[in-house]
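Enquirer: Residue numbers (the working numbering), protein chains in the order written: chain A, 1 to 303; chain B, 1 to 303; chain C, 1 to 269; chain D, 1 to 269.
Treat the hints as calculated values from the structure; they're not laboratory data. Please read all numbers here as calculations on a predicted model, not as lab measurements. Do not take every clue at face value.
Said to hold, decoys possible - Derived SDA-like pairs: lysine to any residue, alpha-carbon spacing no greater than 20 Å straight-line:
(1) K2/D / T270/B
(2) K76/B / S49/D
(3) K87/D / D45/D
(4) K86/D / H81/C
(5) K277/A / I5/C
(6) K91/B / R117/B
(7) K134/A / V157/B
(8) K7/A / G184/A
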Amino acid sequence: MPGLEVKLHKLTLKNPVLTASGTFGYGEEFDDFIDVNALGGIIVKATTSKHREGNPYPRMAETPMGMLNAVGLQNKGVDYFVKNIYPKLLKYNNCVIANVSDSTVEGYVEVAEKMNRLDHIQAIELNISCPNVKEGGMAFGTSCPSASAVTRAVREVYDKTLIVKLSPNVTSIVDIALAVEEAGADAVSLINTLLGMAINAETRRPVLSTVTGGLSGPAIKPVALRMVWQVSKVVKIPVIGIGGISSATDAIEFLLAGASAIQVGTANFTDPRTTVKIIAGIEDYLRRHSIAEVKELTGGLLL
Amino acid sequence: MPGLEVKLHKLTLKNPVLTASGTFGYGEEFDDFIDVNALGGIIVKATTSKHREGNPYPRMAETPMGMLNAVGLQNKGVDYFVKNIYPKLLKYNNCVIANVSDSTVEGYVEVAEKMNRLDHIQAIELNISCPNVKEGGMAFGTSCPSASAVTRAVREVYDKTLIVKLSPNVTSIVDIALAVEEAGADAVSLINTLLGMAINAETRRPVLSTVTGGLSGPAIKPVALRMVWQVSKVVKIPVIGIGGISSATDAIEFLLAGASAIQVGTANFTDPRTTVKIIAGIEDYLRRHSIAEVKELTGGLLL
Amino acid sequence: MKKYILDLKVLSNRALNQNHHLLELGSDEPLPVMVPGQFAEVRVDGSPSTYLRRPFSIHRVDRGANTMHLLIKTVGEGTRHLAELKKNESLNILLPLGNGFTLARNSEVLLVGGGCGVAPLYFLAEQLFRQGNKVSILIGGRSAGDILLAGEYRAFGNVYIATEDGTLGEKGMVTAHSVLKKEVASFKKIYCCGPDGMMRAVAHIAAANKIDCEVSLENTMACGIGACLCCVVETNQGNQCVCTEGPVFDPLTLKNWSAAVETGCSLDQ
Amino acid sequence: MKKYILDLKVLSNRALNQNHHLLELGSDEPLPVMVPGQFAEVRVDGSPSTYLRRPFSIHRVDRGANTMHLLIKTVGEGTRHLAELKKNESLNILLPLGNGFTLARNSEVLLVGGGCGVAPLYFLAEQLFRQGNKVSILIGGRSAGDILLAGEYRAFGNVYIATEDGTLGEKGMVTAHSVLKKEVASFKKIYCCGPDGMMRAVAHIAAANKIDCEVSLENTMACGIGACLCCVVETNQGNQCVCTEGPVFDPLTLKNWSAAVETGCSLDQ
Ligand SMILES: Cc1cc2nc3c(=O)[nH]c(=O)nc-3n(C[C@H](O)[C@H](O)[C@H](O)COP(=O)(O)OP(=O)(O)OC[C@H]3O[C@@H](n4cnc5c(N)ncnc54)[C@H](O)[C@@H]3O)c2cc1C
Ligand SMILES: Cc1cc2nc3c(=O)[nH]c(=O)nc-3n(C[C@H](O)[C@H](O)[C@H](O)COP(=O)(O)OP(=O)(O)OC[C@H]3O[C@@H](n4cnc5c(N)ncnc54)[C@H](O)[C@@H]3O)c2cc1C
Ligand SMILES: Cc1cc2nc3c(=O)[nH]c(=O)nc-3n(C[C@H](O)[C@H](O)[C@H](O)COP(=O)(O)O)c2cc1C
Ligand SMILES: Cc1cc2nc3c(=O)[nH]c(=O)nc-3n(C[C@H](O)[C@H](O)[C@H](O)COP(=O)(O)O)c2cc1C
Ligand code: FES
Ligand code: FES
Numbered sequence: 001m002p003g004l005e006v007k008l009h010k011l012t013l014k015n016p017v018l019t020a021s022g023t024f025g026y027g028e029e030f031d032d033f034i035d036v037n038a039l040g041g042i043i044v045k046a047t048t049s050k051h052r053e054g055n056p057y058p059r060m061a062e063t064p065m066g067m068l069n070a071v072g073l074q075n076k077g078v079d080y081f082v083k084n085i086y087p088k089l090l091k092y093n094n095c096v097i098a099n100v101s102d103s104t105v106e107g108y109v110e111v112a113e114k115m116n117r118l119d120h121i122q123a124i125e126l127n128i129s130c131p132n133v134k135e136g137g138m139a140f141g142t143s144c145p146s147a148s149a150v151t152r153a154v155r156e157v158y159d160k161t162l163i164v165k166l167s168p169n170v171t172s173i174v175d176i177a178l179a180v181e182e183a184g185a186d187a188v189s190l191i192n193t194l195l196g197m198a199i200n201a202e203t204r205r206p207v208l209s210t211v212t213g214g215l216s217g218p219a220i221k222p223v224a225l226r227m228v229w230q231v232s233k234v235v236k237i238p239v240i241g242i243g244g245i246s247s248a249t250d251a252i253e254f255l256l257a258g259a260s261a262i263q264v265g266t267a268n269f270t271d272p273r274t275t276v277k278i279i280a281g282i283e284d285y286l287r288r289h290s291i292a293e294v295k296e297l298t299g300g301l302l303l
Numbered sequence: 001m002p003g004l005e006v007k008l009h010k011l012t013l014k015n016p017v018l019t020a021s022g023t024f025g026y027g028e029e030f031d032d033f034i035d036v037n038a039l040g041g042i043i044v045k046a047t048t049s050k051h052r053e054g055n056p057y058p059r060m061a062e063t064p065m066g067m068l069n070a071v072g073l074q075n076k077g078v079d080y081f082v083k084n085i086y087p088k089l090l091k092y093n094n095c096v097i098a099n100v101s102d103s104t105v106e107g108y109v110e111v112a113e114k115m116n117r118l119d120h121i122q123a124i125e126l127n128i129s130c131p132n133v134k135e136g137g138m139a140f141g142t143s144c145p146s147a148s149a150v151t152r153a154v155r156e157v158y159d160k161t162l163i164v165k166l167s168p169n170v171t172s173i174v175d176i177a178l179a180v181e182e183a184g185a186d187a188v189s190l191i192n193t194l195l196g197m198a199i200n201a202e203t204r205r206p207v208l209s210t211v212t213g214g215l216s217g218p219a220i221k222p223v224a225l226r227m228v229w230q231v232s233k234v235v236k237i238p239v240i241g242i243g244g245i246s247s248a249t250d251a252i253e254f255l256l257a258g259a260s261a262i263q264v265g266t267a268n269f270t271d272p273r274t275t276v277k278i279i280a281g282i283e284d285y286l287r288r289h290s291i292a293e294v295k296e297l298t299g300g301l302l303l
Numbered sequence: 001m002k003k004y005i006l007d008l009k010v011l012s013n014r015a016l017n018q019n020h021h022l023l024e025l026g027s028d029e030p031l032p033v034m035v036p037g038q039f040a041e042v043r044v045d046g047s048p049s050t051y052l053r054r055p056f057s058i059h060r061v062d063r064g065a066n067t068m069h070l071l072i073k074t075v076g077e078g079t080r081h082l083a084e085l086k087k088n089e090s091l092n093i094l095l096p097l098g099n100g101f102t103l104a105r106n107s108e109v110l111l112v113g114g115g116c117g118v119a120p121l122y123f124l125a126e127q128l129f130r131q132g133n134k135v136s137i138l139i140g141g142r143s144a145g146d147i148l149l150a151g152e153y154r155a156f157g158n159v160y161i162a163t164e165d166g167t168l169g170e171k172g173m174v175t176a177h178s179v180l181k182k183e184v185a186s187f188k189k190i191y192c193c194g195p196d197g198m199m200r201a202v203a204h205i206a207a208a209n210k211i212d213c214e215v216s217l218e219n220t221m222a223c224g225i226g227a228c229l230c231c232v233v234e235t236n237q238g239n240q241c242v243c244t245e246g247p248v249f250d251p252l253t254l255k256n257w258s259a260a261v262e263t264g265c266s267l268d269q
Numbered sequence: 001m002k003k004y005i006l007d008l009k010v011l012s013n014r015a016l017n018q019n020h021h022l023l024e025l026g027s028d029e030p031l032p033v034m035v036p037g038q039f040a041e042v043r044v045d046g047s048p049s050t051y052l053r054r055p056f057s058i059h060r061v062d063r064g065a066n067t068m069h070l071l072i073k074t075v076g077e078g079t080r081h082l083a084e085l086k087k088n089e090s091l092n093i094l095l096p097l098g099n100g101f102t103l104a105r106n107s108e109v110l111l112v113g114g115g116c117g118v119a120p121l122y123f124l125a126e127q128l129f130r131q132g133n134k135v136s137i138l139i140g141g142r143s144a145g146d147i148l149l150a151g152e153y154r155a156f157g158n159v160y161i162a163t164e165d166g167t168l169g170e171k172g173m174v175t176a177h178s179v180l181k182k183e184v185a186s187f188k189k190i191y192c193c194g195p196d197g198m199m200r201a202v203a204h205i206a207a208a209n210k211i212d213c214e215v216s217l218e219n220t221m222a223c224g225i226g227a228c229l230c231c232v233v234e235t236n237q238g239n240q241c242v243c244t245e246g247p248v249f250d251p252l253t254l255k256n257w258s259a260a261v262e263t264g265c266s267l268d269q
């Protein structure tokens with residue numbers, strides 16, 4: 001049986017398949033459909049320092065092989081998370097990762113500090129790439145100085161594995177990746193959503209209450225794959241691939257491009273069993289190709 | 001009958017439907033399928049100062065609701081164009097626009113100068129956004145100073161309508177649009193392709209000879225629509241919308257977002273009659289909504 | 001309630017009129033327990049423009065025959081594909097999702113449905129009838145041809161009809177039907193399903209007459225299982241997911257629903 | 001030749017074996033004139049992962065019956081959908097595309113096909129036979145089950161067979177068949193269709209024996225009509241589009257084809 005274990009900085013994942021934040025709730029939404037503990041880990045939805053209502057409805061638009069969302073970080077805030085959600089996450093014995101977001105550096109630091117004290121949260125993913133909030137979010141992820149500043153500030157208060165999640169809406173994602181690596185990130189994950197828009201031609205109105213939103217799903221896979229390849233060539237820290245991954249073949253492409261692990265996002269909506277199917281498919285691929293360990297695939301693109 | 005005429009700087013187009021460069025050959029490839037003269041105009045494939053062989057095969061990869069291409073500006077050079085291709089374009093009595101590309105500012109200027117002398121070429125589209133060449137191309141379109149410099153240099157030698165075609169692979173397309181407007185562009189067209197990549201998991205090799213290529217088709221429509229909306233809010237010159245447009249509904253969305261005209265690209269491959277169907281569909285929409293002139297749609301998004 | 005992902009078999013697909021189809025689905029395994037008001041998320045195969053699943057109310061369940069029905073109105077590409085499903089084709093489906101209606105017992109209830117809003121009402125009427133309620137059903141449509149399955153509802157109680165063009169029942173908006181005027185005070189509970197404007201108007205009538213009311217919302221959904229937070233409605237306790245906290249709500253808990261328009265509303269979704 | 005965009009009707013769809021289907025297409029209008037070696041670009045409806053059209057050789061044309069055939073090997077989602085087409089379904093198609101083979105007259109010719117490369121050979125063999133040629137046809141496959149339509153080719157000439165496992169005809173690669181050794185000098189022209197490696201080997205044999213040769217390339221295509229420049233092959237005159245300058249080429253005009261491997265090649269595409 002091929003080895004599926006991968007290392008992500010200090011973490012050991014039983015397999016390289018994680019869930020993307022905001023697409024997998026807090027895990028329990030999927031308990032009826034799959035054994036969540038079979039996954040390499042789960043990244044739960046974004047937590048901010050304060051309670052947030054998110055954006056007004058409508059928040060969703062379907063697009064060719066993808067969707068736009070404008071959720072806008074709806075969550076009950078970090079204190080509620082610690083008290084009411086964290087206890088429910090203790091039932092998962094795989095890697096549980098929190099996604100941390102906010103509008104100010106202080107907010108990010110507050111959430112990271114509080115997450116740091118939670119034993120069962122083994123890493124945080126710093127979301128500096130949310131396109132759906134007026135302040136902060138993606139603004140941090142689209143310039144090197146601000147990406148660097150927030151990473152550095154969080155690094156000071158956070159001891160465990162610090163993953164920084166990058167925005168694709170930039171001229172050079174490589175520069176941002178290098179900046180956050182230099183500022184202390186233990187890993188980078190990419191990509192968050194591409195900024196997009198949908199219009200209803202009949203009503204002449206935007207479909208989303210916020211006019212623009214984040215594009216995800218298979219449509220963005222080629223862009224995500226390119227960025228993972230570009231970034232993994234230059235950074236020394238592990239890269240986690242995200243973007244349109246819906247099958248084992250997709251996942252393997254990201255590993256070959258240089259990812260050490262991958263996240264499944266929107267595909268959880270079209271098939272809630274996507275993650276476990278991908279794990280089985282990766283195993284099958286390794287067997288067919290007589291590859292002993294999945295980690296041999298990382299960066300294994302033949303040029 | 002609703003009015004389909006639109007103005008683009010000094011040009012009057014009989015309708016807002018153009019063809020995107022590199023997807024419509026020199027027009028004649030479509031003569032068997034449609035009346036090319038029924039279109040608002042055609043933008044023929046890129047012309048450079050010198051003959052170029054383009055990139056090695058394979059140059060194409062299919063992706064979810066889109067495709068990657070890595071053609072790399074294959075063409076016989078501007079002198080061949082003037083001598084052998086231009087005469088064949090005289091049969092088209094609609095607006096014929098040349099797409100101008102190169103690796104150096106001097107190259108762009110040389111092509112523009114030669115195009116300036118051709119009566120029947122009523123405008124040029126400066127392609128500062130081709131992601132498929134090692135030098136020049138997109139490099140010009142991803143920074144304000146270089147976009148500005150090449151636009152300014154071409155403006156000096158080119159008297160007629162100068163359209164600058166923008167790259168979506170930037171943090172702020174608005175800044176680039178403002179820079180080329182300031183440098184003398186008469187219109188901007190957007191978007192060119194998104195930089196993407198495809199891997200064959202079985203062979204573990206990139207699908208394209210150049211590893212990365214340009215993503216086009218319906219998959220990119222939400223990103224293109226967002227950029228057209230952002231740019232048309234800030235520039236005073238007309239905006240031409242491009243990206244995944246495959247139906248009259250798509251076209252109308254771009255007009256509502258702020259475009260004065262649109263270009264059909266990859267959809268020409270899936271249905272060579274797409275352009276004429278879009279014209280008919282726009283007419284039908286105007287009639288159903290009792291709108292007298294198509295130009296009333298431009299920027300007509302209700303917020 | 002435990003949710004399932006199942007491949008159900010199309011047993012029949014009956015066109016009720018030009019744009020409404022009744023899909024009968026079956027399975028070799030016993031179907032999960034479902035209650036009126038719950039819905040299913042259906043994957044539409046073979047439609048390139050339908051990437052996400054589509055939500056549909058559970059229209060009927062026949063536990064004896066181990067079958068269930070969906071009532072599908074063709075509005076776009078996804079529903080058009082479902083309308084073309086053939087016998088023996090397979091349909092991948094998540095169910096049962098969301099919370100059902102609160103079922104009254106031995107009471108007097110009114111069900112109001114407009115347009116495709118009648119979809120969950122069949123199952124609801126049947127169960128309310130079984131719980132010993134005196135059931136009245138008011139159905140509205142633009143024209144006689146839009147009034148679906150009225151005959152079948154008669155098995156469960158009185159059926160009232162309103163059509164905008166007067167071709168069947170009372171002429172006018174469903175919300176202007178006489179049963180919602182003079183007789184409304186006789187009901188202990190009103191259940192309503194249909195276009196937003198209609199539900200707001202009915203909720204308003206119920207509130208004005210101090211009658212319990214439940215409405216079933218149809219917000220656009222990406223997941224149907226509470227994972228994406230796309231389907232929210234503003235409630236007095238903040239944004240809540242229609243797919244997990246609803247789709248059935250007491251309109252008094254919804255924000256901006258008390259100021260419901262009393263004027264007519266089109267049945268056009 | 002003028003190109004057409006047509007909606008053709010599926011008259012029949014016959015499975016030749018597990019992964020090869022013969023699609024018979026018809027039209028109310030007279031089909032356009034087509035020549036052997038030309039191809040069609042087929043739109044695949046209802047397959048979300050098939051965005052672009054798919055190119056297929058014209059396998060047969062029956063002018064009398066006003067029908068044509070495509071021979072389709074299932075390799076991915078697009079071809080899988082085509083294999084499932086049912087009688088009376090419609091297929092949108094661009095044709096005829098590209099240039100056909102140069103047809104010899106009253107001569108002695110050899111046709112070599114491997115794997116799915118036999119697709120254009122039926123039409124070619126038939127036309128060459130009609131032009132008074134003495135036709136020999138060599139077909140290769142991995143196993144007896146891969147040898148398609150051999151019986152039908154017999155109407156046009158001698159049929160030779162090679163299978164890698166020896167279950168039919170000579171055992172070994174098609175390129176090692178005896179007809180390509182001792183007897184090859186008797187042919188005035190060789191036509192070849194199949195996997196790249198096979199075509200290179202045959203081209204090499206032809207060149208070594210100074211026999212005219214034509215091969216039919218299968219580069220990946222986006223448009224099929226010369227508009228995208230994606231399908232290029234390197235020729236002695238630079239990059240040329242396979243869809244408009246080909247798909248049939250004289251291998252001597254192709255760059256890097258003279259150095260063809262003489263070693264065997266798999267029939268695996
Ligand atoms: C809880 C719930 C129960 C429903 N029950 C039924 C039912 O029993 N019978 C029935 O015919 N319809 C029902 N609908 C509406 C049905 O889901 C839509 O008509 C359907 O999704 C349209 O898909 P389409 O591809 O044909 O249309 P398109 O217009 O192409 O769909 C585009 C997008 O808009 C969404 N959408 C479009 N219309 C609606 C709508 N009215 N409500 C929610 N989302 C929509 C789609 O899901 C999709 O994401 C229900 C909706 C919800 C939320
Ligand atoms: C001129 C020409 C004639 C052809 N004639 C025939 C024929 O008569 N019968 C037949 O079965 N096949 C023929 N092919 C090959 C056929 O086009 C492919 O098998 C088919 O496109 C695969 O599509 P898919 O969706 O099933 O596979 P996928 O692998 O999913 O296709 C993915 C992409 O690769 C391309 N592709 C995959 N395989 C090939 C291939 N071998 N050649 C070209 N492009 C490919 C597809 O067009 C698509 O863009 C021909 C190809 C060309 C260029
Ligand atoms: C509905 C929705 C909500 C999301 N919420 C978050 C979030 O809270 N934090 C975050 O970092 N990313 C969020 N994302 C982005 C995803 O985690 C992921 O980066 C993106 O969707 C691309 O992956 P995909 O194509 O597999 O979905 C969200 C995406 C979707 C579709
Ligand atoms: C095969 C191909 C070749 C292209 N060549 C050019 C080109 O020569 N010059 C240019 O400015 N854009 C070129 N483009 C980009 C298109 O003109 C267009 O901007 C892009 O494809 C997005 O539009 P679409 O999604 O409608 O195709 C090319 C695109 C494709 C698919
Ligand atoms: S539809 Fe995803 S949370 Fe309701
Ligand atoms: S396939 Fe487009 S030019 Fe040949």
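Enquirer: A separate judgement is required for each hint: does it hold in the structure or not?
Expert: Consistency of the hints with the structure:
{"no.": "1", "hint": "K2/D / T270/B", "in the structure": "19 Å, holds"}
{"no.": "2", "hint": "K76/B / S49/D", "in the structure": "35 Å, violated"}
{"no.": "3", "hint": "K87/D / D45/D", "in the structure": "15 Å, holds"}
{"no.": "4", "hint": "K86/D / H81/C", "in the structure": "17 Å, holds"}
{"no.": "5", "hint": "K277/A / I5/C", "in the structure": "14 Å, holds"}
{"no.": "6", "hint": "K91/B / R117/B", "in the structure": "18 Å, holds"}
{"no.": "7", "hint": "K134/A / V157/B", "in the structure": "43 Å, violated"}
{"no.": "8", "hint": "K7/A / G184/A", "in the structure": "18 Å, holds"}
Hint violations for this structure: numbers 2, 7, all remaining hints satisfied.
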